[in-house]
Amino acid sequence: MKDLVYLVPLFPLIGFLINGLFWKSMPKKVSGVLASAAMLASFAVSLGIFFEIKGNPAAAGVVHLFDFIKSGTVNIPFAFQVDALSSLFLLIITGVGFLIHVYSTSYMHDDPGFTKYFAYLNFFVFAMLLLVLGANYVIMFIGWEGVGLASYLLIGFWYKRRDYTNASKKAFIMNRIGDLGFLVGMFLTLYHFGTASYGELFPQLAHGMPANISSGTMNAIAICFFIGAMGKSAQIPLYTWLPDAMAGPTPVSALIHAATMVTAGIYMIARSSAVYNLAPVAQNLVAIIGLATALFAATIALKQYDIKKVLAYSTVSQLGYMFLALGVGSYTGAVFHVMTHAFFKALLFLGSGSVIHAMGGEQDLRKMGGLGKYMRITQITFLLGCLAIAGIPGFSGFFSKDEILAAAYSRNPVFYYLGLAGALMTAFYMFRLYFFTFTGSFRGTHEQEHHLHESPAAMTLPLIVLAILSVVGGYIGLPEVFSEHHMLGEYLAPVVQNFDVHHLSHETEWMLMGISVTLIVIMIVMAAVMCKKPNFKENTGIAKVLENKWYVDELYDNAIVKPLKGLACLLDKYAERSGIDGIVNGVGRLVNWGSGRLRLLQNGQVGTYIFAMVVGVILLFVVGLFLAV
Amino acid sequence: MLLLLLVLIPFLSGIISFFFRSESVKGWALFSTLVTLAVAAVATGAVQNTSLAYKLPWIASLGANFHLYGNGMSIMLALLTAIVFPVIFIAQWNKPLPEMGRFTGLMLMAQAGLMGVFLAHDLLLFYFFWELALIPVYFLCSTWGGEKRIPVTFKFFVYTFLGSLMMLAGVIYLYLQTPTRSFDYDMIRQTGAALGAFPQQVLFCAFFIAFAIKMPIFPFHTWQPDTYEQSATPVTIVLSALMVKMGLFATVKWLVPVLPAGVAYWSDTVMILSLIGIIYASLLAMVQSDIKRLIAYSSIAHIGLMSLGIFANTEIATNGLMVQMFNHGINITGMWLIVSMIEQRYNTRNLRELGGMAGSAPSMAIALVIIAFANIALPLTNGFIGEFMLFHGIFQSENPNHILYMVIAGLGVILGAVYTLNMVQKVAYGEAKTVAVIKDISKNELLGLVIIIALIIILGVYPKPLLGLIN
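Just so you know, the protein sequences line up as chains U and V, in that order. Going by this note's numbering, the first sequence opens with residue 1, and the numbers climb by one from there. Going by this note's numbering, the second sequence opens with residue 1, and the numbers climb by one from there.
Honestly, the hints are just simulated from the structure, not real lab data. Some clues are possibly wrong.
[As the list claims (entries may be wrong)] Derived DSS-like pairs: lysine-lysine, alpha-carbon spacing no greater than 30 Å straight-line:
{"hint": "1", "chain 1": "U", "residue 1": "K549", "chain 2": "U", "residue 2": "K303"}
{"hint": "2", "chain 1": "U", "residue 1": "K573", "chain 2": "V", "residue 2": "K155"}
{"hint": "3", "chain 1": "U", "residue 1": "K70", "chain 2": "V", "residue 2": "K464"}
{"hint": "4", "chain 1": "U", "residue 1": "K24", "chain 2": "V", "residue 2": "K155"}
{"hint": "5", "chain 1": "U", "residue 1": "K533", "chain 2": "U", "residue 2": "K549"}
{"hint": "6", "chain 1": "U", "residue 1": "K160", "chain 2": "V", "residue 2": "K439"}
[Claimed, not checked] Using C-beta positions, here's what the derived DEER-type ranges look like:
{"hint": "7", "chain 1": "U", "residue 1": "I580", "chain 2": "V", "residue 2": "P98", "range": "28 to 38 Å"}
{"hint": "8", "chain 1": "U", "residue 1": "S578", "chain 2": "V", "residue 2": "L165", "range": "22 to 32 Å"}
{"hint": "9", "chain 1": "U", "residue 1": "R162", "chain 2": "V", "residue 2": "V437", "range": "12 to 22 Å"}
{"hint": "10", "chain 1": "U", "residue 1": "M209", "chain 2": "V", "residue 2": "A193", "range": "38 to 48 Å"}
{"hint": "11", "chain 1": "V", "residue 1": "V437", "chain 2": "U", "residue 2": "G541", "range": "47 to 57 Å"}
{"hint": "12", "chain 1": "U", "residue 1": "T439", "chain 2": "V", "residue 2": "D290", "range": "51 to 61 Å"}
{"hint": "13", "chain 1": "V", "residue 1": "E431", "chain 2": "U", "residue 2": "I515", "range": "50 to 60 Å"}
{"hint": "14", "chain 1": "V", "residue 1": "P57", "chain 2": "U", "residue 2": "Y574", "range": "51 to 61 Å"}
{"hint": "15", "chain 1": "V", "residue 1": "P57", "chain 2": "U", "residue 2": "L567", "range": "55 to 65 Å"}
{"hint": "16", "chain 1": "U", "residue 1": "D111", "chain 2": "V", "residue 2": "L8", "range": "53 to 63 Å"}
{"hint": "17", "chain 1": "U", "residue 1": "K28", "chain 2": "V", "residue 2": "E431", "range": "20 to 30 Å"}
{"hint": "18", "chain 1": "V", "residue 1": "K464", "chain 2": "U", "residue 2": "R366", "range": "54 to 64 Å"}
{"hint": "19", "chain 1": "U", "residue 1": "L47", "chain 2": "V", "residue 2": "G27", "range": "12 to 22 Å"}
[Stated by the list, open to error] According to the in silico footprint, chain V covers these stretches of chain U (three or more CB under 8 Å from chain V):
{"hint": "20", "region": "28 to 41"}
{"hint": "21", "region": "61 to 70"}
{"hint": "22", "region": "174 to 187"}
{"hint": "23", "region": "462 to 471"}
{"hint": "24", "region": "557 to 570"}
{"hint": "25", "region": "575 to 585"}
Think of the CB as a built atom: it goes at the ideal place given N, C-alpha and C, for glycine as much as any other residue.
Between the sequences and the hints, there should be enough to build the whole structure, so can you do that?
Here it is, written out as structure tokens:
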């Protein structure tokens with residue numbers, strides 16, 4: 001089964017090529033079914049691989065496909081890493097990806113770019129699979145930039161809108177800034193270890209710091225990789241592209257936020273756990289940036305009125321938790337949260353798509369309300385998603401978030417308290433979103449109200465499946481107080497080594513859980529009370545700052561974008577045209593003036609002169625050749 | 001013999017082209033360049049793990065031989081030359097220019113000169129071909145092109161002629177130093193390397209300025225945006241895809257091994273100039289409104305990375321340079337083909353007046369996007385392979401600032417995404433501004449672009465054939 005791993009990315013690649021090359025003649029029905037079938041086939045192969053490795057961890061290994069860059073001392077093979085970590089990600093990507101494809105066949109049905117959409121969607125998954133499967137950092141980088149391209153194409157899918165294409169450009173460029181960090185990290189690795197392959201690199205780190213490597217180098221490598229992760233996984237300071245990325249069709253947001261793209265940074269650091277375990281400075285940085293992002297994005301989400309913007313900032317915030325987990329050494333916790341988050345965030349985005357679909361494109365919470373009676377399935381599944389993300393016991397998000405917070409507590413209680421504060425905000429803004437949308441009375445136009453309806457089965461079925469996963473998905477990682485086996489932890493153990501995570505005493509753990517659950521329930525009640533009497537008067541003071549996202553976009557614009565453009569204009573005008581070119585033209589005029597004096601000797605045409613020269617040189621050449629023979 | 005054919009076929013068919021009075025010369029030109037391509041393909045096959053040579057006595061009294069030599073590196077560039085010319089003629093098929101006979105003749109002469117530059121193994125012969133390649137281009141620039149072509153060509157001429165004169169002085173000096181009065185490559189190399197440090201430093205300047213103008217690297221570059229803007233597209237392609245490689249190739253072959261002490265002395269200066277060039281040209285590319293000028297500055301930034309790679313002086317950087325020279329030639333040819341199609345349809349190259357191509361001509365927009373992403377070295381396009389190797393090689397360099405240099409050059413990658421995506425956005429996306437309906441790709445245009453795009457993707461996914469050639 002393992003040797004068939006190439007099939008997993010191959011199916012979506014074929015789907016992309018067929019839809020991409022024959023987009024003119026492809027019937028609508030065929031292209032959607034083809035793309036979804038490709039995903040299902042990949043999922044089936046992924047399942048086979050997953051169970052093979054679960055049954056026999058020794059079956060993990062590297063599948064070599066061909067030599068990619070082989071020149072001199074550099075050898076980068078095109079090879080796939082099949083092990084517990086990658087096979088788990090394969091399942092998430094292809095499984096959730098498949099559901100999003102099915103959903104899209106209905107959601108995008110009336111769009112003229114239907115075939116193009118599915119081609120891009122398949123390509124997105126293909127790139128993400130390369131990222132996860134690569135057996136060295138270069139192949140990971142191929143997928144890394146590949147998802148950047150795919151997101152660029154899909155965010156700007158409706159290319160006539162200038163603000164949409166601006167968003168897609170911003171996403172790609174911000175990712176590129178991170179990519180430079182990734183590249184430098186990769187070259188540092190190649191420089192110091194002579195390899196970029198996991199199979200050759202990590203064994204060198206298995207027994208502590210290698211003798212010839214300084215701790216500074218190790219931290220530098222880890223920090224450079226983390227800069228890459230900041231871009232792809234939307235962490236401070238490179239997060240601003242993700243909220244704008246919702247310009248794309250809603251299922252694309254689900255794909256970006258749940259199954260692909262933003263989880264890449266988490267995957268990369270979990271994959272590199274051997275590096276991070278030897279780089280304490282970088283670990284702390286990861287934890288602090290993660291925590292800061294979790295809190296910062298949560299405050300913004302409190303005051304957003306666009307249904308998708310709330311979800312977007314919630315993703316940024318949840319990603320922050322995952323980085324917190326990585327930073328405190330709980331790689332399992334981070335991967336666990338990636339998985340549960342994939343379920344409930346895909347559910348929430350697709351649910352919001354269902355709402356937007358019913359509202360005829362409207363995304364403003366202030367114009368919704370009371371939708372629950374018109375779309376019961378969407379409402380119930382959405383509620384389950386909210387319960388999961390808020391961390392109500394029994395739902396998947398509870399277990400993964402609890403694991404992260406417990407690990408944070410064992411490292412530093414301050415991390416725990418701040419993390420808890422973020423979790424409370426999460427519960428509040430998610431239920432604010434839920435109550436504003438589904439309860440109360442309808443605040444939109446009559447026409448919109450008339451049009452309200454539940455979405456078709458192709459859209460509700462994925463919602464139901466994801467809702468079930470959001471509820472039960474947490475049981476593979478039950479904490480120690482409930483169960484003796486942490487199934488996920490045991491499964492991942494051969495690949496990722498958790499670092500310095502002490503198990504808390506059961507009493508402490510029960511106490512922490514008790515505190516957080518009580519507070520979260522209070523938050524939900526507060527949200528319910530506030531939404532009873534919606535008050536949409538203009539925000540002032542701190543609320544206005546939050547609504548405007550702390551003015552970070554404006555800050556970047558004024559501190560970086562505008563000065564850079566100004567500098568470029570100045571260079572263009574003064575350095576280039578007046579400066580260098582001025583000197584050259586001066587020399588030219590001087591030559592012209594000189595040639596004017598010598599006019600008696602020539603006819604003033606450069607052309608004639610050169611021609612005489614060519615003829616002369618050619619004659620010299622030919623004569624020489626004949627004389628020699 | 002193969003090598004002689006590579007020079008002789010374009011040279012002779014070029015002379016014959018001058019006598020054509022009708023448009024049928026385009027068939028002749030395509031035929032000739034396809035034969036050259038076939039010969040180049042055979043030569044590429046023959047040069048795996050070995051080298052080719054062809055030697056005839058030429059001017060015996062001066063010790064100059066007609067000596068051609070082909071190893072992987074030079075044959076790769078000869079192959080690039082052989083690929084680019086037929087693509088030009090295919091894409092140009094339905095766009096006749098006035099005086100096609102003369103135009104074709106000059107183009108083929110330039111091809112012969114380029115082949116000679118890449119293959120010459122004798123310094124005088126090299127200089128001869130260097131001029132043979134440039135002179136037809138002066139005529140091509142001054143006869144066919146935009147309104148300001150005459151002053152622009154004059155500027156181009158002043159620049160390159162100045163360089164050529166300096167090189168000629170260097171050639172003569174080196175020649176006079178050889179014990180047996182010879183222009184032979186090995187003799188020149190031994191003589192040059194044995195010179196004292198000071199003469200090497202001076203000679204380096206004489207040669208390098210000629211090469212630097214041709215590449216061009218900052219601050220010898222201002223002829224380039226003007227010339228690219230004013231020339232007819234086929235000429236622009238020859239200049240940007242092939243002629244810039246003359247300067248890079250000559251530096252690798254005739255400078256680095258010949259004047260090691262000069263290189264050691266100047267290398268840091270050149271690396272810093274290259275870095276300035278990368279950032280400076282990228283910034284300027286951001287504020288251009290003419291697509292041709294934008295691509296010209298983008299090309300200067302790319303060349304900056306390549307010259308940085310030469311002076312990093314590591315094996316991987318040099319190999320990366322070779323790959324990148326080939327791939328840059330392919331990609332920029334594609335870029336110019338698209339630009340000329342845009343210009344022909346919209347009658348403007350101004351980004352402010354363009355827009356909405358994805359709606360009216362989706363095939364053209366797809367081609368533009370693919371080539372644009374190859375231009376910014378997206379993985380799985382050919383652009384990535386060379387850039388990866390170059391960056392890696394610069395990082396491995398023994399220069400004490402190697403990491404800093406790599407990071408600064410890496411900033412160019414970010415800026416590259418900025419101006420390239422800006423261009424794509426303004427051309428392809430949004431609503432159409434001036435011309436609402438345009439004709440999508442025609443058959444011959446499609447053929448030209450398909451060749452380019454196939455090379456972009458095949459060499460990006462499976463670069464082994466290219467890497468095998470230079471190892």
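For each hint, the structure was consulted:
1. About 9 Å separates the Cα atoms of U:K549 and U:K303, which keeps this hinted pair within 30 Å; it holds.
2. This hinted pair checks out: U:K573 and V:K155 have alpha carbons roughly 19 Å apart, not beyond 30 Å.
3. Of the pairs offered as hints, the one joining U:K70 and V:K464 holds, with about 7 Å between alpha carbons and a cut-off of 30 Å not exceeded.
4. For the hint pairing U:K24 with V:K155, the CA-to-CA distance comes to about 48 Å; that exceeds 30 Å, so the pair is violated.
5. Note on U:K533 and U:K549: the hinted pairing holds, with a Cα-Cα distance of about 25 Å set against a maximum of 30 Å.
6. Of the supplied pair hints, the one linking U:K160 and V:K439 holds, its CA atoms being roughly 19 Å apart against a limit of 30 Å.
7. For U:I580 and V:P98, the hinted distance range of 28 to 38 Å is satisfied, since their beta carbons lie about 34 Å from each other.
8. About 27 Å separates the C-beta atoms of U:S578 and V:L165, a value consistent with the hinted range of 22 to 32 Å.
9. U:R162 and V:V437 have their C-beta atoms about 21 Å apart, which keeps the hinted 12 to 22 Å range intact.
10. Between U:M209 and V:A193 the Cβ separation comes to about 44 Å, which falls inside the hinted range of 38 to 48 Å.
11. Taking 47 to 57 Å as the suggested C-beta distance range, the pair V:V437 and U:G541 conforms, at roughly 53 Å.
12. For U:T439 paired with V:D290, a C-beta distance near 57 Å keeps the hint of 51 to 61 Å intact.
13. Between V:E431 and U:I515 the beta carbon distance is about 56 Å. The supplied range of 50 to 60 Å therefore holds.
14. For the pair V:P57 and U:Y574, the supplied restraint of 51 to 61 Å holds, since their beta-carbon distance comes to about 55 Å.
15. About 57 Å separates the C-beta atoms of V:P57 and U:L567, a value consistent with the hinted range of 55 to 65 Å.
16. Taken as a hint, the range 53 to 63 Å holds for the pair U:D111 and V:L8, whose Cβ atoms sit roughly 58 Å apart.
17. At roughly 25 Å, the beta-carbon separation of U:K28 and V:E431 lies within the given 20 to 30 Å, and the hint holds.
18. In this structure the hint that V:K464 and U:R366 lie 54 to 64 Å apart at CB holds, the actual value being about 59 Å.
19. For the hinted restraint 12 to 22 Å between U:L47 and V:G27, the CB-CB distance of approximately 59 Å leaves it violated.
20. A stretch counts as covered by a chain when three or more of its residues have a beta carbon under 8 Å from one of that chain; for the region 28 to 41 of chain U and chain V the count is 0, and the coverage is violated.
21. Coverage of the region 61 to 70 of chain U by chain V holds. Counting CB-CB distances below 8 Å, 5 residues qualify, and the rule asks for three or more.
22. Counting residues of the region 174 to 187 of chain U whose beta carbon lies closer than 8 Å to any beta carbon of chain V gives 7, which reaches the threshold of three, so the coverage claim holds.
23. Given as covered by chain V, the region 462 to 471 of chain U fails the check, having 0 residues with a CB less than 8 Å from a CB of that chain where 3 are the minimum.
24. Proximity of the region 557 to 570 of chain U to chain V, defined as three or more residues with a beta carbon under 8 Å from a beta carbon of that chain, is established by the 5 residues found.
25. Counting residues of the region 575 to 585 of chain U whose CB lies closer than 8 Å to any CB of chain V gives 6, so the stated coverage by that chain holds, three being the minimum.
Comparing the model with each earlier hint shows violations of hints 4, 19, 20, 23; every other hint is respected.
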